[in-house]
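Given the coordinates of chain E, assemble chain V onto it according to the supplied hints.
Chains E and V, in that order, are what the protein sequence lines are. Per the working numbering, numbering of the first sequence is gapless, rising by one per residue and ending at 173. Per the working numbering, numbering of the second sequence is gapless, rising by one per residue and ending at 157.
It cannot be assumed that every hint is accurate.
To be verified - Pairwise CB distance ranges (calculated):
1. E:Q24 <-> V:G15: 18 to 24 Å
2. E:G165 <-> V:H94: 15 to 21 Å
3. E:S154 <-> V:G15: 47 to 53 Å
4. E:T75 <-> V:P27: 41 to 47 Å
5. V:A123 <-> E:T147: 31 to 37 Å
6. V:G54 <-> E:N21: 48 to 54 Å
7. V:V60 <-> E:V74: 23 to 29 Å
8. E:G40 <-> V:P27: 48 to 54 Å
Unchecked claim - So, partial list: chain V residues that the calculated Cβ filter (under 7 Å) puts toward chain E:
9. T5
10. Y6
11. L9
12. T11
13. T22
14. S24
15. S25
16. I26
17. P27
18. V36
19. N38
20. G68
21. T88
22. R110
23. A115
24. S151
Stated by the list, open to error - If you want the footprint, here are the derived chain V segments under chain E, 3+ residues with CB under 8 Å:
25. 54-65
26. 116-126
27. 143-150
Derived by calculation from the structure, the hints in this document are not laboratory data. On a predicted model such as this, the values are computed, not experimentally measured, just so you know. C-beta atoms are modelled at their ideal positions from N, C-alpha and C, and glycine is treated no differently.
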Amino acid sequence: MQVIEHIEVGSGGAASILFDNIPQTYTDLYFVASIRTNRGQAIEGMILKPNSSATLPSVRYLLGTGSSVISDTVTSLGAGVANGASSTGSTFANTGVYIPNYTSSSAKSLSVDSVLENNATLGYQNLTAGLWNVTDAITSLLIVGETGGTIQASSSATLYGITAGSDGTTTVS
Amino acid sequence: MATPTYIALATTTLGATASSVTFSSIPATYRDLVLVVNGGNSGDVLCSFNADTGSNYTYVAANGQSAGAVSFSDTRTGAYMGYLTGTTGLGIMHIMDYSASDKHTTTLSRVASAADSLTGMAAARWANTNVVTSVAVTAATGSFNSGSTFSLFGIEA
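So here's chain V without its partners, still in its complex pose:
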């Protein structure tokens, strides 16, 4: 049997609304992390690392949406994943080299919110060289809907 490449680290399904979900005690034994969110909050989703909620995350993003194609950039209090529809949003964030201590952590994200006629991509950077040991997935507005799922995977080099 082939060696699995997505190593399951933790997963949860919300039984009630929640403003954030936090993955902690992440082992530093992988190369990258992949976060998959299915559900949403009808708003932006930000991911902060190691409880750092300062304005230390810059990003650039592009969306296809009803208003047309748009691109934007900003500095936020978490790595920008994108806009997720309330119950059927899909967000996938690759957190690159999270276990390295010689570089800022960078992320690449895709969001699919077809119910709101939106598709998006984003690249973000956490201006910190620390190894990532926790990831807090936060609804920038409102709360994640009950039934939303959050899964974290490790990818070996």
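The following block holds chain E by itself, in its conformation from the complex:
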């Protein structure tokens, strides 16, 4: 796993986080993010736009809220959840997204783990399965809030590339 790019949101915030010009030399992608937005609620769903495409991944999520469990389908949550403005101050959600075979000419799967910490009963743990039904190789990843909330300063994201291969010892059959 090697770092491709790290983005730190500065003062004033940002409308989105963009990993652009992703090298096509790895096998899989993995990014981690720590995000807070100014949406006037405790939580904001984060949308993932591969290649800034208007075609979003279709997702099925499993969500624990601290008092209930929900399973549903949406077009947000492809990039997990983020703390909103009414959540505990100085808290940022944690998200990991794995995308295998991102350069292939097949539809792209993605797996999302995301948790939101809040000093209250309401806390979110989210597990999401996504499918971007586009055969283009992924060359960029855009992350935006589902309500367009501004991503706050000190939010960050890191994109890693993972290369599959052989160590010369392990065999596969």
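Coordinates of chain V only, in the frame set by chain E:
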């Protein structure tokens, strides 16, 4: 340049359907293993270690699916990864402390089968303290589709 953390051990892409894929001669030099499966069999996927296909693997799992949120547990003949859709399933299994000989091997898995509207997680245990030297990834029903990819990585402590 930063030190790589996912060390590639072996990878394969199926040129035809197959009921299982086996990684062998796994070196005992890492702390954990990570198995990534992209593709599937439209069924459950089990991982057995060191050719042990006895009912020695217990697990608990939770899924988000069309029928709602469900949780279940059982004993199987391999560590339960989850349900993978035929061509676009994604399964990631972390095999913890596989090179240790003083504990049972435990696994944590995530599956993403959006085409079947399913997301899942599972924790499993192999009731054996032996060092893991092989991993057989098996389709509990049917066969893995041609084009499915299987990659094994080592993680250093």
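A quick look at each hint next to the structure:
no. : hint                          : in the structure
1   : E:Q24 <-> V:G15: 18 to 24 Å   : holds (23 Å)
2   : E:G165 <-> V:H94: 15 to 21 Å  : holds (19 Å)
3   : E:S154 <-> V:G15: 47 to 53 Å  : holds (48 Å)
4   : E:T75 <-> V:P27: 41 to 47 Å   : holds (43 Å)
5   : V:A123 <-> E:T147: 31 to 37 Å : holds (34 Å)
6   : V:G54 <-> E:N21: 48 to 54 Å   : holds (50 Å)
7   : V:V60 <-> E:V74: 23 to 29 Å   : holds (26 Å)
8   : E:G40 <-> V:P27: 48 to 54 Å   : holds (53 Å)
9   : T5                            : holds (5 Å)
10  : Y6                            : holds (4 Å)
11  : L9                            : holds (4 Å)
12  : T11                           : holds (4 Å)
13  : T22                           : holds (5 Å)
14  : S24                           : holds (5 Å)
15  : S25                           : holds (5 Å)
16  : I26                           : holds (5 Å)
17  : P27                           : holds (5 Å)
18  : V36                           : holds (6 Å)
19  : N38                           : holds (4 Å)
20  : G68                           : holds (5 Å)
21  : T88                           : holds (5 Å)
22  : R110                          : holds (5 Å)
23  : A115                          : holds (6 Å)
24  : S151                          : holds (4 Å)
25  : 54-65                         : holds (count 4)
26  : 116-126                       : holds (count 5)
27  : 143-150                       : holds (count 3)
Of the numbered hints stated above, none is contradicted by the structure.
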